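Start from the sequences, fold in the hints, and give me the full structure.
Number of protein chains: 2
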Amino acid sequence: MDVSRADEGTFERGDDARFTGEVWLRSTLADDRETNIGIVHFSPGARTHWHRHPGGQFLFGVSGRGRVRTRGEDGHVLQPGDVIHVGPGEWHFHGGTGDSPLVHVAVNGGAAPEWGDPVRDEEFADGF
Amino acid sequence: MDVSRADEGTFERGDDARFTGEVWLRSTLADDRETNIGIVHFSPGARTHWHRHPGGQFLFGVSGRGRVRTRGEDGHVLQPGDVIHVGPGEWHFHGGTGDSPLVHVAVNGGAAPEWGDPVRDEEFADGF
Numbered sequence: 001m002d003v004s005r006a007d008e009g010t011f012e013r014g015d016d017a018r019f020t021g022e023v024w025l026r027s028t029l030a031d032d033r034e035t036n037i038g039i040v041h042f043s044p045g046a047r048t049h050w051h052r053h054p055g056g057q058f059l060f061g062v063s064g065r066g067r068v069r070t071r072g073e074d075g076h077v078l079q080p081g082d083v084i085h086v087g088p089g090e091w092h093f094h095g096g097t098g099d100s101p102l103v104h105v106a107v108n109g110g111a112a113p114e115w116g117d118p119v120r121d122e123e124f125a126d127g128f
Numbered sequence: 129m130d131v132s133r134a135d136e137g138t139f140e141r142g143d144d145a146r147f148t149g150e151v152w153l154r155s156t157l158a159d160d161r162e163t164n165i166g167i168v169h170f171s172p173g174a175r176t177h178w179h180r181h182p183g184g185q186f187l188f189g190v191s192g193r194g195r196v197r198t199r200g201e202d203g204h205v206l207q208p209g210d211v212i213h214v215g216p217g218e219w220h221f222h223g224g225t226g227d228s229p230l231v232h233v234a235v236n237g238g239a240a241p242e243w244g245d246p247v248r249d250e251e252f253a254d255g256f
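Same order as they appear, the protein sequences are chains A and B. Using our numbering, you'd call the opening residue of the first sequence number 1 and step up by one each time. Using our numbering, you'd call the opening residue of the second sequence number 129 and step up by one each time.
In case anyone wonders, no lab produced these hints; they're calculated from the structure. The structure displayed is predicted, hence computed values, not measured ones. The beta carbon of each residue, even a glycine, is placed where N, CA and C say it ideally should be. Possibly wrong hints are sitting among the right ones.
[Claimed, not checked] Not the full set, but computed from the structure, chain B residues with beta-carbon under 7 Å of chain A:
#, residue
1, Asp130
2, Arg133
3, Ala134
4, Gly184
5, Val205
6, His213
[What the hints assert, rightly or not] Quick list of the computed label-pair ranges, beta carbon to beta carbon:
#, chain 1, residue 1, chain 2, residue 2, range
7, A, Trp115, B, Pro172, 40 to 48 Å
8, B, Pro216, A, Glu122, 30 to 38 Å
9, B, Asp143, A, Ala6, 27 to 35 Å
10, B, Arg199, A, Asp117, 47 to 55 Å
11, A, Trp115, B, Asp245, 43 to 51 Å
So this is what it looks like as structure tokens:
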């Protein structure tokens, strides 16, 4: 049994190669199946770049409101207690809404994601 | 992309074949790798029976305080923001502490768990 304590966790600033705006990430634990758990705080309008996870991803809303969208599909607003699943290989983004920060838990499957371009403002607004 | 909305979710009472005390569970989404996400509310002292997950389990503390212990090992108090990983096949339990309720997110790996005996009061207190 492994433990990652909130009061001992380190938050790192999300870098410009993967994120737009102010984002803080805490990596926690991983298992032998390459699933890992991260806690992510987004400022309003801050968001990931387009990316995809080889094993898919679950998101659990802890606080605030977020936008989550798969390329070419309608977007979803993530609120506290909501769970979203993004399938393996789906190009998608997540972040705060325009007027709200977001804290979510991310359950990331299948090793490191592949990162793409930043999400332009038009793309961030589209489908919501 | 699949969504399980908190405001549409159904909580079911945990049954006596798997839980001791008042426990409420909301099942959300599962992926193709047989990982699924559940939200669980325990009253103080309420807990799972001994059980084990074929693919292991992550727990994320949302509110309150919990006890989590693998058989034969020391226990851990789960607090908000903490993440615990229980390895595949480890017989373990989780629940509220004696004086606090607990809400946690459970990330369950590898299909249905195997259920064992109730956790006796001495076992619930041992190792904390």
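Now the hints, each set against the structure:
no., hint, result
1, Asp130, "5 Å, holds"
2, Arg133, "6 Å, holds"
3, Ala134, "3 Å, holds"
4, Gly184, "5 Å, holds"
5, Val205, "9 Å, violated"
6, His213, "4 Å, holds"
7, Trp115/A - Pro172/B: 40 to 48 Å, "44 Å, holds"
8, Pro216/B - Glu122/A: 30 to 38 Å, "45 Å, violated"
9, Asp143/B - Ala6/A: 27 to 35 Å, "31 Å, holds"
10, Arg199/B - Asp117/A: 47 to 55 Å, "49 Å, holds"
11, Trp115/A - Asp245/B: 43 to 51 Å, "47 Å, holds"
The structure is inconsistent with the numbered hints 5, 8, although it conforms to all the rest.
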